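**Student:** Residue-level listing of the chains:
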Amino acid sequence: DTAVSQTPKYLVTQMGNDKSIKCEQNLGHDTMYWYKQDSKKFLKIMFSYNNKELIINETVPNRFSPKSPDKAHLNLHINSLELGDSAVYFCASSQSNSPLHFGNGTRLTVT
Amino acid sequence: AQSVTQPDIHITVSEGASLELRCNYSYGATPYLFWYVQSPGQGLQLLLKYFSGDTLVQGIKGFEAEFKRSQSSFNLRKPSVHWSDAAEYFCAVGAADSWGKFQFGAGTQVVVTP
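These protein sequence lines are chains A and B, in that order. For the first sequence, the residue numbers in the numbering used here are 1 to 111. For the second sequence, the residue numbers in the numbering used here are 112 to 225.
Calculated from the structure, these hints are not laboratory results. Check each hint, because a few of them may be wrong.
[Said to hold, decoys possible] Okay, derived cross-link-like pairs now, EDC-like style, lysine to aspartate or glutamate, Cα gap no bigger than 20 Å in a straight line: (1) K9/A x E53/A; (2) K179/B x E131/B; (3) K160/B x D196/B; (4) K36/A x E24/A; (5) K41/A x D208/B; (6) K160/B x E131/B; (7) K41/A x E199/B; (8) K22/A x E53/A; (9) K9/A x E58/A; (10) K40/A x D85/A; (11) K41/A x D196/B; (12) K212/B x E58/A; (13) K44/A x D196/B; (14) K19/A x D85/A; (15) K9/A x D30/A; (16) K40/A x E199/B; (17) K212/B x D38/A; (18) K52/A x D208/B; (19) K40/A x D208/B; (20) K212/B x D30/A; (21) K212/B x E53/A; (22) K36/A x E58/A; (23) K22/A x D85/A; (24) K36/A x E199/B; (25) K44/A x E131/B; (26) K19/A x E82/A.
Just so we're clear, the structure is a prediction, and the values are computed from it rather than from any experiment.
Okay, chain B solo, but in the shape it has when bound:
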């Protein structure tokens, strides 16, 4: 069974600074990996996904993530955060044979300070 770990529950970052959110997964085959963002009172919005191919994927809002099979990681990065990036971020892993039955990490709350 697949599982996802987000080691950081809470991260505080200054506006304009870089951001990196960690995600480690456990899955036997090639995983399908996702990052979602949840703003307060809102649903989850897809930032980016990795299915196959280039291990560095670009997403919306200036985010990117890198799949590293050797480290079982799929870390999310943004070079320069904006105050509007304050939100909860979720990493998720899926499998082709049970599509939609995603395993979500516990989330990382990002606080952006002036």
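Chain A with its partners taken away, still in its complex shape:
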């Protein structure tokens, strides 16, 4: 009955690889997000989708591509992984003008 679930919880991969992180929410929210938390715990928004439409796209390298097959899912695909991509990636969801509900995060380690 997890509200926002993301998989995998841990992801260890080598530079140059391509990887995906999946996120699903069962709260019926219309908006989903990806946030990145760096090693200093700083949180920054990457993307936001509202009803499958991209509405926030921060200055993120185009190696990062979000995909929303429906409003309950928002996946994040990362091409050609670099060392600097190592971070914890959080998925979140909200209904319009309501607080964000976060998943438990995916810790990505690029070696």
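On the provided structure of chain A, position chain B as indicated by the hints.
**Tutor:** Below, chain B alone, put in the same frame as chain A:
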């Protein structure tokens, strides 16, 4: 653009003592303010929010926060901390015209000693 400052990176408090975490924001209009808590290996859990109305808001786990427009602050308080309150606490500010594009503070780590 909005911004958030949490002046205290780290706070150590004894179990049973009171706790206050500071948050200052910068935003032109009335902000939407939040406090989140992050336990190790977990996501962020909403403690409380301020949208409008009463400037003293109550949250979960016995936390409260007070919005002071004149000081651009939204400090979080708890009268008596429990060992389970040890975590990272984040203040965040949002705007109605860019919902979800929250600015988060750098976080305050709270350590609770016996």
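**Student:** Given the hint that K22/A pairs with D85/A, does the C-alpha gap stay at or below 20 Å?
**Tutor:** OK: K22/A and D85/A at ~17 Å, within 20 Å.
**Student:** Straight-line Cα separation of K212/B and D30/A no greater than 20 Å?
**Tutor:** Holds, at roughly 15 Å.
**Student:** Would you check the hint for K36/A and E58/A, treating anything up to 20 Å between C-alpha atoms as holding?
**Tutor:** Roughly 11 Å separates the two Cα atoms, so the pair holds.
**Student:** Would the pair K41/A and D196/B pass a check requiring their Cα atoms to be no farther apart than 20 Å?
**Tutor:** Holds. K41/A to D196/B sits at ~18 Å (cutoff 20 Å).
**Student:** Check whether the Cα positions of K41/A and D208/B lie no farther apart than 20 Å.
**Tutor:** violated, 26 Å
**Student:** With the threshold set at 20 Å, check whether the alpha-carbon distance from K41/A to E199/B stays at or below it.
**Tutor:** holds, 9 Å
**Student:** Compare the distance between the alpha carbons of K40/A and E199/B with 20 Å, and conclude whether the hinted pair is satisfied.
**Tutor:** Given that 20 Å is the threshold and the Cα spacing comes to 12 Å, the pair holds.
**Student:** Under the criterion that the straight-line Cα-Cα distance not exceed 20 Å, is the pair K40/A, D85/A satisfied?
**Tutor:** Since the Cα atoms of K40/A and D85/A sit roughly 14 Å apart, the hinted pair holds (cutoff 20 Å).
**Student:** Can you confirm whether the C-alpha distance between K9/A and E58/A stays at or below 20 Å?
**Tutor:** The hint is violated at about 24 Å.
**Student:** Does the alpha-carbon distance linking K160/B and E131/B stay inside the 20 Å limit?
**Tutor:** holds, 16 Å
**Student:** Between K9/A and E53/A, is the straight-line Cα distance small enough, at 20 Å or below?
**Tutor:** violated, 26 Å
**Student:** Between K212/B and E53/A, does the CA-CA distance stay at or below 20 Å?
**Tutor:** Between K212/B and E53/A the Cα gap is close to 15 Å, so the pair holds against 20 Å.
Against the hints set out earlier in the document, violations occur for numbers 1, 5, 9, 13, 15, 19 and 25.
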